[in-house]
Amino acid sequence: GAVVSQHPSWVICKSGTSVKIECRSLDFQATTMFWYRQFPKQSLMLMATSNEGSKATYEQGVEKDKFLINHASLTLSTLTVTSAHPEDSSFYICSARGISTYEQYFGPGTRLTVT
Amino acid sequence: AQSVTQLGSHVSVSEGALVLLRCNYSSSVPPYLFWYVQYPNQGLQLLLKYTTGATLVKGINGFEAEFKKSETSFHLTKPSAHMSDAAEYFCAVKTSYDKVIFGPGTSLSVIP
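If you're matching them up, the sequences are chains A and B in order.
So the first sequence is numbered by my numbering: it starts at 1 and just counts up by one.
So the second sequence is numbered by my numbering: it starts at 116 and just counts up by one.
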């Protein structure tokens, strides 16, 4: 149980285009989802926290207009990287937390490459 | 504010030797502590966690960690390293705001 999927697993896009990444909790309802980015050989940095049905809370330094997060249902959150640039190339990982639990379950990650 | 440090960005051990990965945390509230493993180009897998109760926590793949409040530490150990243990290991602490803060990670290499 407690499986989180991400789609796509990898994506290449051209500079200036937008990319949407999906994060789904497959067998539980996720009231809260978290989005992280990870640069090569570095740790995970929390970008934002999203609660179902409400606006996401972004960490300091993360541009909310560039990284659009939607958490429209208890099983789906999306991250849209708008007007992507090469510096946005990174590994994006989501995690989901269910109702009445402290534990987060992580997705497999999405590798974004902007050319 | 909570934070996590991991001493040693890279650790090498011989196959069959003891694995010791160090983690120290700071937290203003009783911490929830975690160890995760990440293989190349993959997500995170939970190895073990400490919430309350017994301070020696056993996890998957033969790993264990001991919560020492007096030392604010949560070091990860495994008695005998296996080649398949080579990966990146992250210590993490759950904050009072319900976020998980990760340490910088330790890359473990296992020498045959």
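It should be emphasised that the hints constitute simulated quantities derived from the structure, not laboratory data.
Just so you know, not all the hints are guaranteed correct.
[Claimed, not checked] No more than 27 Å apart at the CA atoms, straight line, and that leaves these computed lysine-lysine pairs for DSSO-like:
| no. | chain 1 | residue 1 | chain 2 | residue 2 |
| --- | --- | --- | --- | --- |
| 1 | B | K184 | B | K173 |
| 2 | A | K14 | A | K66 |
| 3 | B | K214 | A | K55 |
| 4 | B | K173 | A | K55 |
| 5 | B | K214 | A | K64 |
| 6 | A | K41 | A | K20 |
| 7 | B | K214 | B | K183 |
| 8 | A | K66 | B | K214 |
| 9 | B | K184 | B | K214 |
| 10 | A | K64 | B | K164 |
| 11 | A | K20 | B | K214 |
| 12 | B | K183 | B | K164 |
Status of the hints after comparison with the structure:
| no. | hint | result |
| --- | --- | --- |
| 1 | B:K184 with B:K173 | 17 Å, holds |
| 2 | A:K14 with A:K66 | 16 Å, holds |
| 3 | B:K214 with A:K55 | 16 Å, holds |
| 4 | B:K173 with A:K55 | 38 Å, violated |
| 5 | B:K214 with A:K64 | 18 Å, holds |
| 6 | A:K41 with A:K20 | 24 Å, holds |
| 7 | B:K214 with B:K183 | 22 Å, holds |
| 8 | A:K66 with B:K214 | 22 Å, holds |
| 9 | B:K184 with B:K214 | 21 Å, holds |
| 10 | A:K64 with B:K164 | 32 Å, violated |
| 11 | A:K20 with B:K214 | 23 Å, holds |
| 12 | B:K183 with B:K164 | 14 Å, holds |
The structure is inconsistent with the numbered hints 4, 10, although it conforms to all the rest.
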